[in-house]
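Visitor: These protein sequence lines map, in sequence, to chains U and D.
Reading the first sequence from the start, the letters are residues 673 to 786 in the numbering used here.
Reading the second sequence from the start, the letters are residues 40 to 154 in the numbering used here.
Everything labelled a hint here was simulated from the structure, so no lab data went into it.
Note that this is a predicted model, so its numbers are computed, not measured.
There may be inaccurate statements among the hints.
To be verified - Restricting the straight-line Cα-Cα distance to at most 27 Å, the calculated cross-link-like pairs of lysine-lysine (BS3-like) are: (1) 729/U with 685/U; (2) 55/D with 729/U; (3) 42/D with 729/U.
To be verified - Only part of the chain U face toward chain D is listed, based on derived beta-carbon distances under 7 Å: (4) 691; (5) 774; (6) 777.
Where a beta carbon is used, it is the ideal one built from N, C-alpha and C, also for glycine.
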Amino acid sequence: KAGVTQTPRYLIKTRGQQVTLSCSPISGHRSVSWYQQTPGQGLQFLFEYFSETQRNKGNFPGRFSGRQFSNSRSEMNVSTLELGDSALYLCASSRQGSMNTEAFFGQGTRLTVV
Amino acid sequence: AQKVTQAQTEISVVEKEDVTLDCVYETRDTTYYLFWYKQPPSGELVFLIRRNSFDEQNEISGRYSWNFQKSTSSFNFTITASQVVDSAVYFCALSVTNTGNQFYFGTGTSLTVIP
C-alpha cells in the first residue's frame with residue numbers, strides 16, 4: 673500500500689515569494705495534518721484537515737494556510753516567505769484523525785528561503 | 040497546556056549495548072495517548088508505539104520495550120542490544136482529547152550506535 677507522498681521534496685524560494693506544498697495521504701485516510709520541523713523549535717503543529725474542513729490549527733501566523741480536496745489530498749501555502757520559514761514540512765495522514773489512531777508521516781518537503 | 044520533555048539531546052552507545060531514552064510528559068487531561076516515533080536521516084517519522092493513559096502495561100516488541108509510569112508521568116523507551124540501524128532521532132509525543140491528530144512532540148533524542 674502506498675505511503676504518504678509529499679511533493680516536492682526540496683524547494684528553494686526567495687524572501688517575499690509564496691510557496692505551495694502538496695501531500696497525498698494513504699488511500700482511505702481522511703485526516704491530514706501538517707507540521708513544521710526546525711532545529712530551534714522542533715516539531716510544531718500547523719493545522720489538521722478532515723473531510724475538507726480545517727479541524728484544528730496551531731499557533732502560526734495567517735501567512736500559513738491550507739486546504740483539503742475531496743480526494744483527501746492536501747496543500748499548504750505560505751505567503752510572503754521569511755528566512756525563518758526555512759524548515760522541513762511534514763504531513764501526516766490517518767484514517768479518522770482521532771488521538772487513538774496511528775498517524776503515518778511522509779518524508780517531508782525541505783524548504784529553504786534565501 | 041501539554042508538554043513533552045526529552046532531556047537527552049544526544050546519546051552515543053557501542054553496538055550491542057542497551058540504551059534507554061527518557062520521556063516526561065505534562066497534561067491535565069485524564070485521557071491521552073503517548074507515542075514514540077523514529078526519524079531516520081530520510082526524514083519521515085516512523086511510528087513505533089501508541090499507549091493510552093488507561094493502560095500502564097509495559098510492552099515489549101523484539102528488541103524494543105516501553106515503560107509507562109503515570110505516577111512519574113514518564114514513558115521511557117529501551118532498546119536492547121542496540122544495532123547500527125537504530126541510529127536515528129527518536130521523538131516522544133502526546134495527543135489529548137479533542138485535539139484530533141495534533142501531536143505535542145518532545146525535542147527528540149539523537150541516538151548514535153557505534154559499530
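Visitor: All the hints need checking, so say for each whether the structure fits it.
Guide: Hint check:
1. Distance check on the hinted pair: residue 729/U and residue 685/U sit about 25 Å apart at the alpha-carbon level, within 27 Å; holds.
2. A hinted pair counts as satisfied when its Cα atoms are at most 27 Å apart, and residue 55/D with residue 729/U does not qualify at roughly 43 Å.
3. The straight-line distance between the Cα atoms of residue 42/D and residue 729/U is roughly 17 Å, inside the 27 Å bound, and the hint therefore holds.
4. Taken as an interface hint, residue 691/U does not check out: its beta carbon lies about 18 Å from the nearest beta carbon of chain D, beyond 7 Å.
5. Checking residue 774/U against chain D: minimum C-beta separation of about 5 Å stays under 7 Å; hint holds.
6. Interface hint status for residue 777/U: upheld, as the beta-carbon distance to the closest one in chain D is roughly 4 Å, under 7 Å.
The earlier numbered hints that this structure contradicts are 2, 4.
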